[in-house]
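Those protein sequences? They're chains V and F, same order as listed.
Just so you know, this note's numbering puts 187 at position 207 of the first sequence, and the rest follows in order with no gaps.
Just so you know, this note's numbering puts 197 at position 190 of the second sequence, and the rest follows in order with no gaps.
I should point out that these hints are in silico values taken from the structure, not numbers from a laboratory.
Since the structure is predicted, the reported quantities are computational estimates derived from the model, not experimental observations.
The C-beta atom is built at its ideal place from N, Cα and C for all residues, glycine as well.
Among these hints, one or two may not hold up.
Unchecked claim - Once the Cα atoms are required to be at most 16 Å apart in a straight line, the calculated EDC-like pairs of lysine to aspartate or glutamate come out as:
no. : chain 1 : residue 1 : chain 2 : residue 2
1   : V       : K(-16)    : V       : E355
2   : V       : K189      : F       : E328
3   : V       : K189      : F       : D9
4   : V       : K189      : F       : D195
5   : V       : K399      : V       : D75
6   : V       : K327      : F       : D136
7   : V       : K327      : V       : D303
8   : V       : K327      : V       : E355
9   : V       : K103      : V       : D75
What the hints assert, rightly or not - Interface residues of chain V toward chain F, partial, derived using beta-carbon atoms under 10 Å:
no. : residue
10  : R(-6)
11  : S56
12  : P141
13  : L150
14  : L174
15  : S216
16  : V261
17  : V263
18  : V264
19  : W269
20  : A287
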Amino acid sequence: MDWKSGRLPLTGLRVVDWSLYWAGPYLGMMLHDLGAEVIKVESPAHCDPMRTVIDVNRYSGDTGKPLTPEERVNVSQHFNEWNRGKLGIGVELADPRGRQIFLDLVSQSDIVIENHRPGAKDKLGIAYSDVAETKPEIIYASLSGYGQTMPERNAMALGSPVELPSGLFLRNGYLNDNTPAKTGFSYGDPVGALAALSAVLLAVRQWRKSGEGQYLDIAMRDALSFGIGAAFTDWSMNRASRPRSGNRHPVYAPQGVYRAKGDDQWVAISVRDDRDWQAFVGVVGADEWQDADAESRRANHDEIDAAIEAWTSERDARDIESDLQAVGVPAGAVLDFADLKVDPQLKARGAFAEIEHPVFGVEVRATSQWTRGDEPQPLERPAPCFGQHNREILGGLLGIDSQVIDDLEREGVVADRIKVAGD
Amino acid sequence: MDVLSDLKVVELSRMSAAAFAGRLCADAGAEVVLIEPPDGHPLRHEGPFRGDSPGLETSAAHLHVNATKRSVTIDLQSQAEAAVHLVAGADIFLTDLPAEVLDPVGLSWEALHQRGPSLLMTRVTPFGDTGPYARYAGTNLVSIALGAQLKITGDPGRPPLTNFGSQAEYQAGLSAFAGTVANVLLRDASCEGEYLDLSVQDVVSTNLEQRGTSFNLGIVANRAGLTVSATYGVYPCRNGWVYLTAFAPALWDRLKSVVQLEVLDDERFSNQASRLENNDELQAILTEWTLSKASDELREFARQGYPLTVAEDEESLLASEQWQSRRYVSNVAHPAAGTVSVLGSPWLAGEVAVVRPAPTLGDSNELIEGLG
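Chain V on its own, in the form it takes in the complex:
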């Protein structure tokens, strides 16, 4: 797979992306990264809320004032992050003519993805059963919190809250703490999106072999639970509740996050075995611990941590990282976003690239995770402005007469502006 030769697995496939927030849009973006043409469909009355609703986009231009929803709609750095590479249309799906446009678009496409609440697609008449009538070989993937099955089909679970019903939340937490902890971002979204991507790719292979499409039901909760599947197997064997393990590891000792020099600076260190320990002691000079074996390092972990932190807190996190890595001990500075942007390794891999957005200007975006190294993905198309490709898709791909599109625009069925409801 690479961009230089254009060898990408989904070239020639078209995706209808009816998605919102993070998980669904990210799934669509990854399908684009693998070569598909992705068309994002939004309603003027219900655009992807990442554009407007969440008060996270504090971009305020030169005025210092918060932007109105109409002003925010095309500059949201959350929306633009997870929708780059896509085309976008604004069509009112609640109108029968808008619904028909959706169905016509699907009949020209191979894959539908969506992550609305399970009832929404039925209400609008664009569920799998509706779509499969016109396009039986369609692959239709629904990504939701708990899945499409009862009894929890209608329960709400966004990417951050879904950590709670997955089992992960209750296991997270500082060492031996009674209070659990949540991951510092909407962790269910990327994990759910990667699981959904896997299911879609398998379905594409099935379709290429047999010509048959299928419906895929992916629950973010299940994807999170699979990642800690060992906890479920453990429960089935032992019926034991386990203390929270903080930053420690069941085998590696010591392992921890240690204070480094500077305000809120930290370094992560793992000593995997006796070889690592000898090398570590050689650098740190904690001679009194030199002969400690793994069992004794685990038994005296608190004391060893104190000795390590006395050493690390006087040093720069990046210096600790390179001194320990030089002797083969896994260590890494605890990066913040500013560090990440200039990280030498990610830079060498081509992890981030600039892209010119017609309204926002220059944006730094992540490239495809599968084509880094020698030939990272060139970023050519920024996220679509709302309804940016209405004419191109409706007129070009669907062959709708431009006067008909004029009429649809006049009647609000097709739009390149969102419809804002009052608070």
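Use these hints to put chain F onto chain V, whose structure you have.
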């Protein structure tokens, strides 16, 4: 699902990312042969174990991540030829071993590709094959740190905290699986081999919600603990925890309709801005309400679509109706561990895959008899 049932996979792994990818290949129908060192895959040595008594066959991590695979034991120092032979007969080679181990024994991409031009190889390593960190050592914690997911998790004023399990490795495992299936699609069309060089740091730093706002707007994200704001955060309930998610006007109205307290109609809480201004008072009121409710009551509200999400543990999930309806849990009989619960692939697509118990060490050593 048997989409990959025509494919043979050889997995040579020491960490979890490649092992997760191998597990997903096995669930999708591929025959997956795990090459282990004579003393067993490292996951076999990682607790907890059945009865909390260490044993090569009874670690929960091994029983989950290596389910449905076969096992052969090969000492790479003395039997590398056996490994090369196995890989040469496979369609996919999944590994996480460093180049300095693979290259001298003939398991580099260049050597394997020359020998079998249609082989697919996926190598998932902490930092990838290129760049100044290509030879650096990594663990799950180090990858979470250098992928910038660590610093934003935990309480303000306390050290950064990793989430539970091997989440960097898991994210990379999902990405490695997806990337490998993507390469299968290419090979189906071309009969040509492909090499995937996947970096755990690349995957972790891609899966970041606040990257765009930070890189392009300079908004700093930091540890926020359990609660982002009164209308978006975790609250204690009588016997557990619940996440209230009423950050948008319509959701606030829904929350009010279930909480049913007149005080919430107060002017102080009439719009999003005023709710943020009076955040602490609102949080105190909502805490009093959540503490008066038990998880069972709250779960019923959640099922009716109210904007709240209830914490579950292993026991409640394994017994849950939702997972029964999704046929997500397999109870498999393992010769050493007894009957254990193992989760299936995290998607529903037609027939649910059959999960087989993790292999006993070297259960398929007949595959390498007389080799190496």
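The hints, checked one at a time:
no.: 1; hint: V:K(-16) with V:E355; verdict: holds (7 Å)
no.: 2; hint: V:K189 with F:E328; verdict: violated (35 Å)
no.: 3; hint: V:K189 with F:D9; verdict: holds (12 Å)
no.: 4; hint: V:K189 with F:D195; verdict: holds (10 Å)
no.: 5; hint: V:K399 with V:D75; verdict: holds (14 Å)
no.: 6; hint: V:K327 with F:D136; verdict: holds (14 Å)
no.: 7; hint: V:K327 with V:D303; verdict: violated (21 Å)
no.: 8; hint: V:K327 with V:E355; verdict: holds (13 Å)
no.: 9; hint: V:K103 with V:D75; verdict: holds (12 Å)
no.: 10; hint: R(-6); verdict: violated (16 Å)
no.: 11; hint: S56; verdict: holds (8 Å)
no.: 12; hint: P141; verdict: holds (4 Å)
no.: 13; hint: L150; verdict: holds (5 Å)
no.: 14; hint: L174; verdict: holds (4 Å)
no.: 15; hint: S216; verdict: holds (4 Å)
no.: 16; hint: V261; verdict: violated (16 Å)
no.: 17; hint: V263; verdict: violated (14 Å)
no.: 18; hint: V264; verdict: violated (16 Å)
no.: 19; hint: W269; verdict: violated (20 Å)
no.: 20; hint: A287; verdict: violated (16 Å)
Consistency with the previously given hints fails for numbers 2, 7, 10, 16, 17, 18, 19, 20, ordered from lowest to highest.
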